[in-house]
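Protein chains in written order, with our numbering: chain C, 1 to 145; chain D, 146 to 626.
For the record, the hints were derived by calculation from the structure and aren't laboratory data. Since this is a predicted model, take the numbers as computed values, not measurements. We put the CB at the ideal spot given by N, CA and C, even for glycine. One should not assume that every hint holds.
[Unchecked claim] Restraint-style ranges between C-beta atoms, simulated for each label pair: (1) D:E444 to C:G109: 40 to 50 Å; (2) D:R468 to C:G47: 34 to 44 Å; (3) D:E396 to C:G109: 22 to 32 Å; (4) C:N30 to D:A501: 35 to 45 Å; (5) C:L87 to D:A543: 56 to 66 Å; (6) D:F492 to C:G109: 31 to 41 Å; (7) C:P142 to D:P494: 46 to 56 Å.
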Amino acid sequence: MPSRVILLVEDNEKDVVLTERAFKQSKIANELRVVRDGAEALEYLLGPGAGDAAHPVPAMVLLDLKLPKVDGLEVLRRLRKDDRTRLLPVVILTSSNEEQDIIGGYDGGANSYIRKPVDFAQFLAAVTSLGMYWLVLNEPPPRAR
Amino acid sequence: MKLKTRFRITAMASLGATLVLALVLAWAFMATRKASENDGLAESLLQVAFERGLLRDEYLLLHEPRARAQWVAKTAQLEALLGHAAAEFETPTERRVVAEMAALLERSTAIFEELYRVGENARMDAEAPGPGGRFRERATSRLLLISHDLNGRARQLAASASARFESTLGRTAWTVVVLLGVVLAVSFTNARMAASVVERRVSLLRDGAEQVSAGNLDHRISVQGDDELAELGVAFDRMTARLQASYAALEVSNRELEAFCYAVSHDLRAPLRSISGFSQAVLEDYGGTLDATGRKYLEMASDGAREMGQLIDDLLGLSRVARAEMARLPVDLSALARSVTEDLRRFEPERRVEVAIAPDLVAQGDQTLLRLAVENLLRNAWKFTSRHATAQITFGGAASPAGDTFFVADDGAGFDMTYADKLFHPFQRLHRTSEFPGTGIGLATVNRIILRHGGRVSARGEVEKGATFTFTLPRTGEPHA
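Kindly produce the complete structure, drawing on both the sequences and the hints.
Rendered as structure tokens:
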């Protein structure tokens, strides 16, 4: 059985490349699916094709906050309102450490909030821990299996 | 009604009353003088009439020509006085009395002259009484009656003049009293009304000022009226409206600043992550094809990105200090300092630093911000003593009525006082990063925090002898934005 996908919601091309590289280096085998804005993320997770072969339900969502079209907090809010994604693990992965964003993230029902470090070595360490925790250690909720 | 008008009315009323009073007093003076003169005239009439009577009696008894001559003179005097009185006395009764007196005088003079003539003739005839004697008796008794009448009239005149004098005095007194009463009433009413208007307006203004200074910029006094204080109220409302507009503009610019900070925090870090990440990627994947210098350059690019990331974080921290909501409560700075010192010792247990913290130093302020300030100062002291084998750090304070003064002193690297004014500006450093690491934001943060509390920070130092940072915190007072 192939390992489940991880959905990365990120508009910055360079950050996508760096995240992919970090996943590869940290030996996380899960496939990384990338969507470029909030609307695409909602389309993937809640759209007509959600859950089919082309849009498998991800093991977790890595969600940036500042996104084109629909911002990250709004994406989170809509995911939590829908029964299919209510319990889906969502990790906010963003540059901001503004209090209002952190509070907004947890208020919206994020499972975790991680600030992307500038230094790639630290970023790699963060991604490795993230994968280890959410994909290996953490027991996901039954509905998200 | 304008206050100016009210005050003018009071002034005019007083001035008018004074004028009228002066006129009344002048008139009263004239009237009483006239009355007094008439009174005197009546007394004179009485006196002269009485003296004339004495002379008449003297002549009738002794028949001396001197007495008659004097009587003639007195009669002339009395006539003159009566002529005078006819001009002076003005009431019809008095005029009638004067006229009667003149008539009586004329008759008495005629009878006396008759008696004189008869008496002279009798003396020439050397023949006494007889029918001439009877005539004399009758004439004499008539004369006495007329004299009596004359005296009576004179007394009547005197009494009338006296009465007029008294009534004039009384009327004057009453006029003065009534006039003073009217002026007093007008002034009092005016002053009462002005005072009540002033009180009402001033209390509205005071309440308004209190409301506005308490932060209620929506408050308006909305006075009704056309006096000067109502105008002041309108000006006050205009001022508050301006203040509100400025405040709204300030809030907008604050929001813009926050948006800017957010953008800085989010957008500036992403390219830095790319620089760091891709430098690292080149090093890892293509490091073998680069020489040592090439690899060093890539590492330096990566380091530069990390440093800039730290600078951005520090800058955001400073802006957060400036924007943070502030509470004002008693804060135990001694406890704060002890807690910070424990942290420092835990991370560098090998350091031999003696830290003396004065007990019970309490300040009024925001717990979080003051902790940040004290922490920055103690960390600085800890850092700048790190090149000495042993070190001494002191945290102390002193209270004064104006406010409390606190200081953090160390015996570390110190600084050259020439550059003291640079210390509190962001990113200004007096030491090389290789000597003492840091971005130069710590003291700028302390400065911002203390300024927001309405206090001041100052520094004294000497190279290799140490530095002392002093800050004051007012007991009460408005926090500064």
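We went through each hint and held it up to the structure:
1. D:E444 to C:G109: 40 to 50 Å: This hint holds: roughly 41 Å between Cβ atoms.
2. D:R468 to C:G47: 34 to 44 Å: holds, 40 Å
3. D:E396 to C:G109: 22 to 32 Å: For E396 (chain D) and G109 (chain C) the Cβ distance comes to about 31 Å; the hint holds.
4. C:N30 to D:A501: 35 to 45 Å: About 57 Å separates the Cβ atoms of N30 (chain C) and A501 (chain D), which means 35 to 45 Å is violated.
5. C:L87 to D:A543: 56 to 66 Å: holds, 60 Å
6. D:F492 to C:G109: 31 to 41 Å: holds, 36 Å
7. C:P142 to D:P494: 46 to 56 Å: Because 48 Å falls inside the window, the suggested range holds.
Checked against the numbered hints listed earlier, the structure breaks hint 4 alone; every other hint is satisfied.
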